[in-house]
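Chemist: Sequence:
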Amino acid sequence: MLRFLLLVSCFTAVSVHAAYEDKIFDDIKETETFSLHSRGLISYGFHSNTVHLRHFFLRASYQREEAVQFFATLNGYADTHEPTIAYTYALNNVSLYDYGFIYRFLGGFFVSPRAAAVYREDLETFMAMPAYIYGSPAEFDPVTNYLVMHKSAPGIRFGYGTDRWEVGYSQGDYRHSIPSGLMAKVKFDDFYLRAVTLAEYTNEAIFDRSSLVRKVQLSGAGKLVLTPKITLGLLGEVTYLDNGKWRLRAEQAMEHFGMTLGLRELWINGGEFVMEVSLKRRVADMVAIGAQYASNGSWYLVGNIDF
Numbered sequence: 002m003l004r005f006l007l008l009v010s011c012f013t014a015v016s017v018h019a020a021y022e023d024k025i026f027d028d029i030k031e032t033e034t035f036s037l038h039s040r041g042l043i044s045y046g047f048h049s050n051t052v053h054l055r056h057f058f059l060r061a062s063y064q065r066e067e068a069v070q071f072f073a074t075l076n077g078y079a080d081t082h083e084p085t086i087a088y089t090y091a092l093n094n095v096s097l098y099d100y101g102f103i104y105r106f107l108g109g110f111f112v113s114p115r116a117a118a119v120y121r122e123d124l125e126t127f128m129a130m131p132a133y134i135y136g137s138p139a140e141f142d143p144v145t146n147y148l149v150m151h152k153s154a155p156g157i158r159f160g161y162g163t164d165r166w167e168v169g170y171s172q173g174d175y176r177h178s179i180p181s182g183l184m185a186k187v188k189f190d191d192f193y194l195r196a197v198t199l200a201e202y203t204n205e206a207i208f209d210r211s212s213l214v215r216k217v218q219l220s221g222a223g224k225l226v227l228t229p230k231i232t233l234g235l236l237g238e239v240t241y242l243d244n245g246k247w248r249l250r251a252e253q254a255m256e257h258f259g260m261t262l263g264l265r266e267l268w269i270n271g272g273e274f275v276m277e278v279s280l281k282r283r284v285a286d287m288v289a290i291g292a293q294y295a296s297n298g299s300w301y302l303v304g305n306i307d308f
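Letter by letter, the sequence shown follows residues 2 to 308 in the numbering used here.
These aren't lab readings, by the way, just hints derived from the structure by calculation.
Check before you lean on any hint, since a few could be wrong.
Claimed, not checked - Straight-line alpha carbon distances no greater than 20 Å define the calculated SDA-like cross-link-like pairs of lysine to any residue that follow:
id, residue 1, residue 2
1, 216, 185
2, 24, 288
3, 152, 95
4, 188, 109
5, 246, 200
6, 216, 150
7, 152, 164
To be verified - Computed beta-carbon distance windows for the label pairs:
id, residue 1, residue 2, range
8, 66, 245, 33 to 39 Å
9, 284, 51, 20 to 26 Å
10, 175, 124, 34 to 40 Å
11, 233, 175, 26 to 32 Å
12, 206, 270, 27 to 33 Å
13, 170, 243, 35 to 41 Å
14, 92, 66, 37 to 43 Å
15, 52, 177, 19 to 25 Å
16, 296, 245, 37 to 43 Å
17, 107, 217, 37 to 43 Å
18, 110, 85, 49 to 55 Å
19, 210, 258, 28 to 34 Å
20, 260, 204, 46 to 52 Å
21, 84, 190, 48 to 54 Å
Values in this document were obtained by computation on a predicted structure and should not be read as measured data.
The beta carbon of each residue, even a glycine, is placed where N, CA and C say it ideally should be.
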């Protein structure tokens, strides 16, 4: 916690430029009538000798008018293999993740009925691979201390937002788990801060109030421009997990001519401390290629398709 607070406090003393914009899971007010966004991760794991399309998301949006935006998102993974399993059939791997619309009114209020309503954890990263997984069969070999994403489900989001800040509530309907999330974020000229509280009932078979669990997360990041050619990045995140544990994530990065050298530290109380190093190159502001190594022996070649 102390390290996180020190990272956040140092942002206030420098001139940086950073803004958290998740174009897949958050609601971005588009400037074009039609827009297309992607988040995808392809990797080769040396330690497991497997190539994975670990996940992909593809979101198309149609801005009908100033107040209304329609969207649909596909997600999936490529058919892959785990060396210990003998497969006899292909795995289904593409599905509809999200579908719905956003209606904005009265200057900043919004409401959004949709297929994947619940807010997500902070997926901002300077590394080639995010510190989260979605739980698909293509992610059978994650790095220690990576967290499984909170459940989302059909439901509704509503709240209020401006160019600088946003607060919203979300709730989904998945069997009896009823996942929900409350999110707040603020963007300054020099960094951003984001907080999210996620909850669900773990007993999906019947409605059981005693099975309620929560996850609380506070995060922030910024970029310090040293010269026109060199930029430093800092990220700090603290997450209270539903099993009573805490995870701390810290990242440091240096960018130079489209190359990013990143370091990440992951710590969970009572668990293993993990350090990672990543080197990637951004190409045409759409894709990135690189490599990532973790102190537990995981070693990947990575391709990102994010725009």
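Chemist: State for each hint whether it applies.
Modeler: Each hint tested on the structure:
The hinted pair formed by residue 216 and residue 185 meets the criterion: a straight-line CA distance of about 14 Å does not exceed 20 Å. Of the pairs offered as hints, the one joining residue 24 and residue 288 holds, with about 15 Å between alpha carbons and a cut-off of 20 Å not exceeded. For the given pair, residue 152 sits about 18 Å from residue 95 by alpha-carbon distance, which is consistent with the 20 Å threshold. A distance of roughly 16 Å separates the Cα atoms of residue 188 and residue 109; the hinted pair therefore holds under the 20 Å criterion.
Taking the CA atoms of residue 246 and residue 200, the gap is about 15 Å. The hint holds against a cut of 20 Å. For the proposed pair residue 216 and residue 150, the alpha carbon gap of about 11 Å is at most 20 Å, so the pair holds. For a cut-off of 20 Å, the pair hint linking residue 152 to residue 164 is broken: about 28 Å separates their Cα positions. The beta-carbon spacing between residue 66 and residue 245, approximately 48 Å, falls outside the hinted interval of 33 to 39 Å.
Checked against the hint of 20 to 26 Å, the C-beta distance between residue 284 and residue 51 comes to roughly 24 Å, which is consistent with it. The hinted range of 34 to 40 Å is not satisfied by residue 175 and residue 124, whose Cβ atoms lie roughly 21 Å apart. Separation of residue 233 from residue 175 is about 41 Å and departs from the stated range, judged on CB atoms against 26 to 32 Å. Checking the proposed 27 to 33 Å range against residue 206 and residue 270 shows it holds: the Cβ atoms sit about 31 Å from each other.
Take residue 170 and residue 243: their Cβ atoms lie about 19 Å apart, and the range 35 to 41 Å is violated. At about 41 Å, the CB distance of residue 92 to residue 66 agrees with the hint of 37 to 43 Å. Between residue 52 and residue 177 the Cβ separation comes to about 38 Å, which falls outside the hinted range of 19 to 25 Å. The hinted range of 37 to 43 Å is not satisfied by residue 296 and residue 245, whose Cβ atoms lie roughly 25 Å apart.
Checked against the hint of 37 to 43 Å, the C-beta distance between residue 107 and residue 217 comes to roughly 30 Å, which is inconsistent with it. For the pair residue 110 and residue 85, the beta carbons lie near 52 Å from each other, so the given range of 49 to 55 Å is met. Take residue 210 and residue 258: their Cβ atoms lie about 55 Å apart, and the range 28 to 34 Å is violated. Between residue 260 and residue 204 the beta carbon distance is about 48 Å. The supplied range of 46 to 52 Å therefore holds.
Separation of residue 84 from residue 190 is about 49 Å and conforms to the stated range, judged on CB atoms against 48 to 54 Å.
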